[in-house]
Each structure stands twice: as C-alpha cells, then as structure tokens.
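Novice: The residues making up each chain are set out below.
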Amino acid sequence: MEILKQALKQVKQILFFVSFFTSLINSLIVFLLFALLFFFFHVAWIYALIPFFVFLGHTTLRSMRRIGYYDVEKKIPDLEWRLRTSADNADRKDELAMDLHHDVLQRLHQVSAARIMNKKQTISKIATILGLCFLLVFFSLNSVHFDDFIPAIQQGMSPITGFFVKESNLTDVSFFGDEDGANIYTEEDQINYGNKEEVVELNQMLGLVDINKYNRDGEGKTFKDTAIGSGNREALGSENSKEKIGDEDKQIVNNYFRSINQP
Amino acid sequence: MTTDSIQKAKDAFDYITSEIGKVVVGQQQVIKQIIIAILTESNALLEGYPGLAKTLTVSTLSKLMDLKFSRIQGTPDLMPSDVTGTYVLEETKSGREFKFQPGPIFANVVLMDEINRATPKTQSALLEAMQERQVTVGNHTYKLERPFFVLATQNPIEQEGTYPLPEAQSDRFLFKIKTDYPSFNDEVDIVTRYTEFDEKGGPELKPLLKKDTIFKLQQLVRQIPIAQDIKRYAVELVKKTRERKELIEYGASPRASIGLVLAAKAHALLDGRNYVTKNDVREMVYPILRHRIIINFEAERNNFNEDDVIGYLLK
Chain A
1 MEILKQALKQ VKQILFFVSF FTSLINSLIV FLLFALLFFF FHVAWIYALI
51 PFFVFLGHTT LRSMRRIGYY DVEKKIPDLE WRLRTSADNA DRKDELAMDL
101 HHDVLQRLHQ VSAARIMNKK QTISKIATIL GLCFLLVFFS LNSVHFDDFI
151 PAIQQGMSPI TGFFVKESNL TDVSFFGDED GANIYTEEDQ INYGNKEEVV
201 ELNQMLGLVD INKYNRDGEG KTFKDTAIGS GNREALGSEN SKEKIGDEDK
251 QIVNNYFRSI NQP
Chain B
1 MTTDSIQKAK DAFDYITSEI GKVVVGQQQV IKQIIIAILT ESNALLEGYP
51 GLAKTLTVST LSKLMDLKFS RIQGTPDLMP SDVTGTYVLE ETKSGREFKF
101 QPGPIFANVV LMDEINRATP KTQSALLEAM QERQVTVGNH TYKLERPFFV
151 LATQNPIEQE GTYPLPEAQS DRFLFKIKTD YPSFNDEVDI VTRYTEFDEK
201 GGPELKPLLK KDTIFKLQQL VRQIPIAQDI KRYAVELVKK TRERKELIEY
251 GASPRASIGL VLAAKAHALL DGRNYVTKND VREMVYPILR HRIIINFEAE
301 RNNFNEDDVI GYLLK
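So the sequence lines, in the order shown, correspond to chains A and B.
For the first sequence, my numbering gives the first residue as 1, with consecutive numbering after it.
For the second sequence, my numbering gives the first residue as 1, with consecutive numbering after it.
Bear in mind the hints are in silico, worked out from the structure with no lab data behind them.
One should not assume that every hint holds.
[To be verified] Not everything, but these chain B residues come out facing chain A in the computed CB check (under 8 Å):
(1) 3
(2) 5
(3) 223
(4) 225
(5) 227
(6) 229
(7) 275
(8) 277
The beta carbon of each residue, even a glycine, is placed where N, CA and C say it ideally should be.
Use the sequences and the hints to build the structure in full.
Specialist: This is the structure in structure tokens:
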C-alpha cells in the first residue's frame, strides 16, 4: 500500500526531525557551557565547537538508532499498537490488514512535530540556553575571567601550606579556648596554655616570631605554682630572669608573656 | 473502525456468551478461553473442583455450535479402543469381515471428562488425535473430521486412583483453564436457577456457529495483523521460562510461543480489534504457560504455584 508507506515515511521524517532538534538543543547547552568555561580561562570560544559537534554527533546517532513508532504512539494513544502493527504489515493486502491501514491513515493526520516533542522539557532547555547566553554576555561585557579571582583566592590561602585557612585562626590567641566544651579534657586554663603555646608555634612556623631566640633568653623562668590543675598559672620569667636582654627584645618578651598570661 | 467480518465475529461471540449465560452463571473467563481454544482449533484442559460447571459449560457450548459432539468419561478401566474405535466382525453377503467401528473420538468436539482417571495407555490414545487429527487403529490411519478439538476436564483433588497427564500430552493442550468458585451473588443466582425452575427443561439453545462459520473464524484469527514487537514479546516470555532456573525446572516449548501468539490474536478478535496489543498476550499467558512449566523445589518451598511464577515473569 503505497499511500501508507509514504505516510509512514513522513512520520519517520518527523521523528528524525524531532530527534535531531532535541539533540541540537542539548548540544547547544553543552556548547554554551564550554564557551563559558573557555571564556573564563582565556581560551578562544571557537574551541567549544569541538565538544558541541562531538556531543551532537553522538546523541544524534544514538537517538536515530532508538527511533521508533513507539514515540508517536506514546503521544497519540489513538494510534497505540495500530501504527506499529500497520507498519509491520504494510505489504499485506488482505481485508483485515487493509482495514487497519485505512484506520491508521485516518489517524495519522494527528502526527506533528509539535505533538511528539516534549514541550515542557524543550521549554526548560530553551530557558537554560537563554540563561547561559545571558551569563556569557554579562561576563564578556564585564570582562570577568578566572584571573580576577586569583588574588581573592590567594588571600585566603596559607602562603606555606597552600591550604585555605582562616587568617584569624593563626593570630587568634584563644581559638581553642573560647569554644564551648573545650575543657572537657582537663581544666580550662591548662587548655588555654596549650592553645597559646600552639599559636606561638604556628606563628613561628609562619615566620612571624622567632621563638628560639626567646627560648634561650627565657631560660630559668619559674612559675608561681607548678602543681598541675591547681589555681591560675602565671609566668614570671620577665621578673626573675637574670639574663641580659636588650630593651627592644625585652619588650617583645614582655608582650609575649603578657599575652600568654591573659585568661 | 473495524471490518464487517470482525464486527460479525464479535457479535457472534457476544451472542454465544449471552446464550451460555442462560445455563451457566458467571465463569466468563472460562467461557472466553474455551471459545479462544475453538477459534485456534486447539485443545483445552479444564481444571477445577467438582460442581463448578466444567462439563455443563462445554456441553452447552457444543450445543451452540452445529458440530458433532461426543463425551467420554475417564475411568481406570477405559481402554484405548473405547476411545478410538475398534474392528468388529460383521456378517456381509460375501461372508464375515472385519469392519471398523469408529469410537467417540470421531466427532468435532470431544469432551473427555476426568481425563486423569483414565490410564496412561488410554490417555496416550488421545495424543495422536489431539496433535495429528488422525487415529491409527491396527494398520489403518483414519483422518478425523475438522474442526476437531478435545476439551478435557480434570479434578485437582482426589488424586488417589488418578494418572497425572504426561508432559507430552499436557503440552498438546493449548490452555489449562482453571475454574474457580463463583462469587456470592453468582452462587445465589445458581441456587435460584436450579431450585425454582425445572432443571430438565432448561432454556432452548439455537446452534449459531456452523462448521463453515467456524472455519472462517479460524482463518480470520490467523489473518489478524500483529506487530513484530508483540511476537518478540510473546517469544521472550516463553524463553524466560527456560532461563529462569531459580524458579522453573523445565520451561515451555516453542509450541507455547505459537499458541500464545495465536491465542492473543483470537483474544483481539473477541474484543473486536483488528490488531493485537501486549495486553492480549498478557491475558493469555497464564492459561497457556501454567501447565507447560515445572516449578522447582525452591519455588515450591516458598509456596509459589505456577501462576505466581508466571506473574513474576510478567514483571
């Protein structure tokens, strides 16, 4: 039945078109994402065409292979099983088959690309494309590149370790002691001492303080109370030291001990 | 839109269903499946507890068809010759000579009641008739008149003194139709019908389906167009019975695939459609596969029956 065969050919063409259009939209999204990425890294946008064509080719081939009358029947329930049966028996000319062919032909006028296409999905994809276009235009007008973020990134990075750390953590003397429940291990002031020592060590690591110098100068320092866990501790090194320390250094040592004596 | 022939076929089946309904209350699925067996010129095995109108359904149906009907009661002492017929010595003008006396198998519709009570020897006498549509007695082979179908009944209880059908024979039945107890309202109807009216008189049934009509309908069934996807689906289902070793010890043969597609076509015809859907296959898969699979110990241990396993295959 020639008319049926031609009609089925047209249905196939519609299915091919819908499938290609869907692949094209998906590929366009891929293209815009890559274009945006390349723009950030000062790579020419033309290179985004490579993933675009690769994706387009792959998805088109895959969807073309999967194409079938099932897609039409899903959207037009009137044709459910009829279309497939008619297509599979297109060469048959007996009464029953011919009747089915006529029936299918009558219902085929309902088939259109707009009806087969998934409207919701297509609209959301077009919206995504528009959004990506807007971002691309916005970034290009304002010349926003990845380089612009490097200083900001570097600021938050430790110059030695390269890790992102909070600056305040390095200088904040009581960064452990202030936390709730920090004294669950031992007495609060012991923890504080530990914290302070740690901060000093960190500062030394960062090259802010040369503690070795002060360790030497601070030899012979005594504490009022050495019993563990009883009363507040106070360093008296600045008072009892018999070493000769320069005024400038003395000031630093005083500041250091003052800082570690703070509750 | 359907062709006239399909519409006529549908009207005829609606009429048959309503006529049988005058005698048999409910059992719509059973009636439908027996009609499908007739449309596909296949044999059907009805299984159910006693008193569920198995024999009544078949005999009523045979009255609605203008066909030769015979009934054989399966008993342990039933001999093959009682089924196929035998040579008898007859006096003629030229003297005595053996003449073949055809048995009850020489009919269009053969109702083999309680088939599992007959001995395997007698059951196997039916084999050739069911598959080849012919009977061999002595050196002679006699062709059976078409259409020919065996509708057998069996009782799932009272297994003592019964001979379960051999696999080869049960495979020759297209359907194993399970008859179930009627619903409460149907049973009230049955009670009313058989206690308030004269049972012997019964309603008058006019034969509607003549031999030619049945042949045409059988041809029509084969002509129903079917999509390749449906054929593949049917074959896939049957193939699964051979692959799912975790539940099934022995699966169905390709005869089941042929029967499934043919039955699906007949089901579509009864529905007045000139195309087959997946639903037609799904509806026909239970009566076609349930006697063709042997579930394994693991499935039995989990209290699965054949229908449960088929349901699992359909998922």
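Novice: Going back to the hint list, which numbers does this structure go against?
Specialist: No numbers; nothing is violated.
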